[in-house]
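Protein chains: 2
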Amino acid sequence: MFEATKVGRTVDKASFKLQQEALRTQLLEVQRELLQTDIPVIVLVSGVEGAGKGEVVNRLNEWLDTRGVRTFAFWDETEEERQRPRYWRFWNAVPARGKLAILFGGWYQAPLEQRFQGLCNDTELDAELNRIADFERMLINDGALVVKFWFHLSEQDQQARLKELSRDDRSRWKMLPKKGRFHEHYHRYERIAERVIRYTDCGISPWYLIEAEDRRYRDLTVGKTLLHAVKVRLSQPPAVEPPSTSSHLELPDVSSARITLLDQLDLSKSLDRQTYKSELRALQTQLNELAWEAYNKKRSLVLVFEGVDAGGKGGAIRRFTNAIDARLYRAIPIAAPTDEEKAHHYLWRFWRYIPRAGYITIYDRSWYGRVLVERVEGFATDVEWRRAYAEINQFEEQLVRSGTILLKFWLQVSQEEQLRRFKDREQVPYKRFKITDEDWRNREKWPEYKAAVNEMVVHTSTEYATWTLVEGDDKPYARIKVLRTLRDTLKTALTREIEDPGSRIPCAGKRPKGR
Amino acid sequence: MFEATKVGRTVDKASFKLQQEALRTQLLEVQRELLQTDIPVIVLVSGVEGAGKGEVVNRLNEWLDTRGVRTFAFWDETEEERQRPRYWRFWNAVPARGKLAILFGGWYQAPLEQRFQGLCNDTELDAELNRIADFERMLINDGALVVKFWFHLSEQDQQARLKELSRDDRSRWKMLPKKGRFHEHYHRYERIAERVIRYTDCGISPWYLIEAEDRRYRDLTVGKTLLHAVKVRLSQPPAVEPPSTSSHLELPDVSSARITLLDQLDLSKSLDRQTYKSELRALQTQLNELAWEAYNKKRSLVLVFEGVDAGGKGGAIRRFTNAIDARLYRAIPIAAPTDEEKAHHYLWRFWRYIPRAGYITIYDRSWYGRVLVERVEGFATDVEWRRAYAEINQFEEQLVRSGTILLKFWLQVSQEEQLRRFKDREQVPYKRFKITDEDWRNREKWPEYKAAVNEMVVHTSTEYATWTLVEGDDKPYARIKVLRTLRDTLKTALTREIEDPGSRIPCAGKRPKGR
Numbered sequence: 001m002f003e004a005t006k007v008g009r010t011v012d013k014a015s016f017k018l019q020q021e022a023l024r025t026q027l028l029e030v031q032r033e034l035l036q037t038d039i040p041v042i043v044l045v046s047g048v049e050g051a052g053k054g055e056v057v058n059r060l061n062e063w064l065d066t067r068g069v070r071t072f073a074f075w076d077e078t079e080e081e082r083q084r085p086r087y088w089r090f091w092n093a094v095p096a097r098g099k100l101a102i103l104f105g106g107w108y109q110a111p112l113e114q115r116f117q118g119l120c121n122d123t124e125l126d127a128e129l130n131r132i133a134d135f136e137r138m139l140i141n142d143g144a145l146v147v148k149f150w151f152h153l154s155e156q157d158q159q160a161r162l163k164e165l166s167r168d169d170r171s172r173w174k175m176l177p178k179k180g181r182f183h184e185h186y187h188r189y190e191r192i193a194e195r196v197i198r199y200t201d202c203g204i205s206p207w208y209l210i211e212a213e214d215r216r217y218r219d220l221t222v223g224k225t226l227l228h229a230v231k232v233r234l235s236q237p238p239a240v241e242p243p244s245t246s247s248h249l250e251l252p253d254v255s256s257a258r259i260t261l262l263d264q265l266d267l268s269k270s271l272d273r274q275t276y277k278s279e280l281r282a283l284q285t286q287l288n289e290l291a292w293e294a295y296n297k298k299r300s301l302v303l304v305f306e307g308v309d310a311g312g313k314g315g316a317i318r319r320f321t322n323a324i325d326a327r328l329y330r331a332i333p334i335a336a337p338t339d340e341e342k343a344h345h346y347l348w349r350f351w352r353y354i355p356r357a358g359y360i361t362i363y364d365r366s367w368y369g370r371v372l373v374e375r376v377e378g379f380a381t382d383v384e385w386r387r388a389y390a391e392i393n394q395f396e397e398q399l400v401r402s403g404t405i406l407l408k409f410w411l412q413v414s415q416e417e418q419l420r421r422f423k424d425r426e427q428v429p430y431k432r433f434k435i436t437d438e439d440w441r442n443r444e445k446w447p448e449y450k451a452a453v454n455e456m457v458v459h460t461s462t463e464y465a466t467w468t469l470v471e472g473d474d475k476p477y478a479r480i481k482v483l484r485t486l487r488d489t490l491k492t493a494l495t496r497e498i499e500d501p502g503s504r505i506p507c508a509g510k511r512p513k514g515r
Numbered sequence: 001m002f003e004a005t006k007v008g009r010t011v012d013k014a015s016f017k018l019q020q021e022a023l024r025t026q027l028l029e030v031q032r033e034l035l036q037t038d039i040p041v042i043v044l045v046s047g048v049e050g051a052g053k054g055e056v057v058n059r060l061n062e063w064l065d066t067r068g069v070r071t072f073a074f075w076d077e078t079e080e081e082r083q084r085p086r087y088w089r090f091w092n093a094v095p096a097r098g099k100l101a102i103l104f105g106g107w108y109q110a111p112l113e114q115r116f117q118g119l120c121n122d123t124e125l126d127a128e129l130n131r132i133a134d135f136e137r138m139l140i141n142d143g144a145l146v147v148k149f150w151f152h153l154s155e156q157d158q159q160a161r162l163k164e165l166s167r168d169d170r171s172r173w174k175m176l177p178k179k180g181r182f183h184e185h186y187h188r189y190e191r192i193a194e195r196v197i198r199y200t201d202c203g204i205s206p207w208y209l210i211e212a213e214d215r216r217y218r219d220l221t222v223g224k225t226l227l228h229a230v231k232v233r234l235s236q237p238p239a240v241e242p243p244s245t246s247s248h249l250e251l252p253d254v255s256s257a258r259i260t261l262l263d264q265l266d267l268s269k270s271l272d273r274q275t276y277k278s279e280l281r282a283l284q285t286q287l288n289e290l291a292w293e294a295y296n297k298k299r300s301l302v303l304v305f306e307g308v309d310a311g312g313k314g315g316a317i318r319r320f321t322n323a324i325d326a327r328l329y330r331a332i333p334i335a336a337p338t339d340e341e342k343a344h345h346y347l348w349r350f351w352r353y354i355p356r357a358g359y360i361t362i363y364d365r366s367w368y369g370r371v372l373v374e375r376v377e378g379f380a381t382d383v384e385w386r387r388a389y390a391e392i393n394q395f396e397e398q399l400v401r402s403g404t405i406l407l408k409f410w411l412q413v414s415q416e417e418q419l420r421r422f423k424d425r426e427q428v429p430y431k432r433f434k435i436t437d438e439d440w441r442n443r444e445k446w447p448e449y450k451a452a453v454n455e456m457v458v459h460t461s462t463e464y465a466t467w468t469l470v471e472g473d474d475k476p477y478a479r480i481k482v483l484r485t486l487r488d489t490l491k492t493a494l495t496r497e498i499e500d501p502g503s504r505i506p507c508a509g510k511r512p513k514g515r
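These protein sequences, in sequence, are chains C and X. Under our numbering, the residues of the first sequence are numbered 1 to 515, in order. Under our numbering, the residues of the second sequence are numbered 1 to 515, in order.
Hints are computed from structural coordinates only; laboratory data are not their basis. Any given hint could be a false lead.
As the list makes no split between identical chains, a pair holds if one copy fits it or if it spans any two.
Calculated lysine to aspartate or glutamate pairs in the DMTMM-like style (CA-CA distance at most 20 Å, straight line) [said to hold, decoys possible]:
(1) LYS13 - GLU293
(2) LYS6 - ASP253
(3) LYS231 - GLU250
(4) LYS13 - GLU250
(5) LYS13 - ASP65
(6) LYS434 - ASP424
(7) LYS298 - GLU77
(8) LYS434 - GLU190
(9) LYS434 - ASP38
(10) LYS163 - ASP263
(11) LYS6 - GLU471
(12) LYS13 - ASP168
(13) LYS342 - ASP38
(14) LYS423 - GLU293
Between the sequences and the hints, there should be enough to build the whole structure, so can you do that?
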């Protein structure tokens, strides 16, 4: 694979100067054009040690208008990052639409190094590479352009380059842990790099392999290739995945064949005032203790509350938050996205609030809006909300794998009960703000929402993140069910160790020594 | 995920009869329509034990016109199949365009069962699921419609069904290895099934989960869903992946920046007559012995010969085949595809000739036509040949993982040497048939072919299947280089064990006990 990066390509000084000028002008032009579009551009700069990744990044920053460019290196990790799921730092680096981000190594650096150091095997590496491919596909489906450069050197050239570098900085000489083993190391690294590239070199985000020996050839090729990639992208519709042929069951035309999960809920369930009070008190005490235990064990908690309008989400959330220390949790009400949020992938705004290890985030409505309101109201296209199931599953899997405890509640009430509550809200002054015309309009789409909820549960109730459906007509019953589920889940989860990341997310949690 | 398949959906007898009639007529209609298209339809029938997969298949065969349908079960394996790479049997089951194939379990059965029996772990399962997703994406990109059904039963229903079945056939009772452990087994199987479905439920080939308790509901839903999926597919363009934004380097505008691998070959290399003769004899003797050793060790050999016209492929192949027993090898000259071959994916015709364990297939031109002649002559679209690199890599990886020894030769001659040979061929009567107008036309596209070859080597020279570039101006030199490379590779490969399939293709080679 790397043969063609060792053929000795060069560019003379005069040609470089001449061609650089034209290139710079054009780069600045497409950058201005980009600003008018909804395309985020991600440039990944990777390659063998000594190939000059830093030089390339400096060059790009010199050529581009830096106001539209942010550069990220991932070689060290902040405390903030260490306390969150692994991809959190990458989500923070994803540029807004119209902007560029240059990423040193990006999501490839850690798996590569960790495989090289023998911290994971090939099968584990492949699993991580498939996660990376999913991640990139998700960004690209959302309109992003991902440009991946790999800089390569022949064995001789690398050895010479590293020697040269080590004069200024001894640490760069690490490819040569023991003199004489360079040859072996070079080939082992190349084998792993080939695997990484091969598994992630798909049509929609290809790798560009570049010979790095001649700096002028290297930089000019990077600039011209980036320019071309952006130009092509500007002239083409985004490379979204095509719609599925059809993804829902065609049901027989009898009502007994159309029963849903929501139909199965016994909404008449209730709890008497007395039992409610005493149970509430007991549960709140336990939850307070469990929240502190989670804090001490550095386990974070993410709660998702979804449900029909006036389903009782707010009341249930308050019964929980009342019980716990205000320093430990954050409740995020999800309304229409801000401008900044709109300029990113729809999951971006939820990643923002992912709690640090030991803390709690409560989402009052959530990413499930994509497959509920956005689906029913047509804010998301068919293709968009259909692929969201897989995207959401991957997102939640990342949370859970990194040790987050995740619970999802759906609060259901009957149509009659909802009507009663709406009317009630209109009567009571301090509740009036809670009812809008939109609520009445949503109510008319009851069957559409029911179908959407049923499909949502089927696709996103997973072994690591099941849905709890709550019978909500009786508020006391619903609240106790929520709190009890919370307590039981927390109790069980806190006695378990975080699944050894090495067993399923290889190349994750494990960090290279000395970093 | 399976919650909604346990809600008790039913269809009464009268409704079934009525709706079945309309359904059958429509199914036959779309089947006729299908025949006029280039869409192969693959129906996968999977699900928990006792859910009635066999009944569903019978029903579909009753409803459809069986002349356009073939049914495949994979529960046992023929000797022919066992001696070839694992996916060979699935390639044989892929229907021609316009036809249907119904596959019991398909490529999902083995990984599921093997994970259930503890023969592989989750990470290994995931790796296999990603391979499956790639395989399906490849078929779908080629125009196929893949419809995947999963039939599910609640724990009680399954227990009852298995008891009922075991009256006729004791073997079906295997879900209950020890009475009392049914509950545990049920949930373990469900957890694995969920994982399998979750990882392979992508937009372009969704899973349809169907409650299997009520036979009428089950069958009618299958029929209607299949009908709908085919109808939607008939009304839509195929769900091909979009073109990549750009996948080649933009090179600086100086000739020193455009050197390719082929430019680096020293075509003046030659061998004197004397050395050639003695080396040839020695190599042929060794190769004969190695071919028998491979036969005894059940290792198969696949040789790919590509090169410019008049590059000397035929001559090199004959020097090898002359040396070995005619029973051991098969030489396949690749010309334009037959009608039957055209009705399948382009890789299909190469899978046909994959040798049994211990045998040799020599491809005189090969699947690389896709990224060479088909690219340069425009027989394949940009999107098609670009994604072929990854498809070819996956194909070759399967061969090598299953123990096949794979070698690929590119025979290069200079333009002058080619001209000399063309003219020579026109002079010599028995060589005249070897030269056509097409050869002359191809010659004019020399630069395009050179670029295509360079890119082909970059993308498909992998750790498990490297390209050998052969300097071909001097025939003796070229032939000896081919034979020597063959000998050295065979020697090394035959002393190594086949990589334990379990370490990288979990769920592959290992077969469930008692099958």
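Practice item. Return the numbers of the hints above that this structure violates; sort them in rising order. Key: Hints 1, 5, 8, 9, 10, 12, 14 are the ones this structure does not satisfy, whereas the remaining hints hold.
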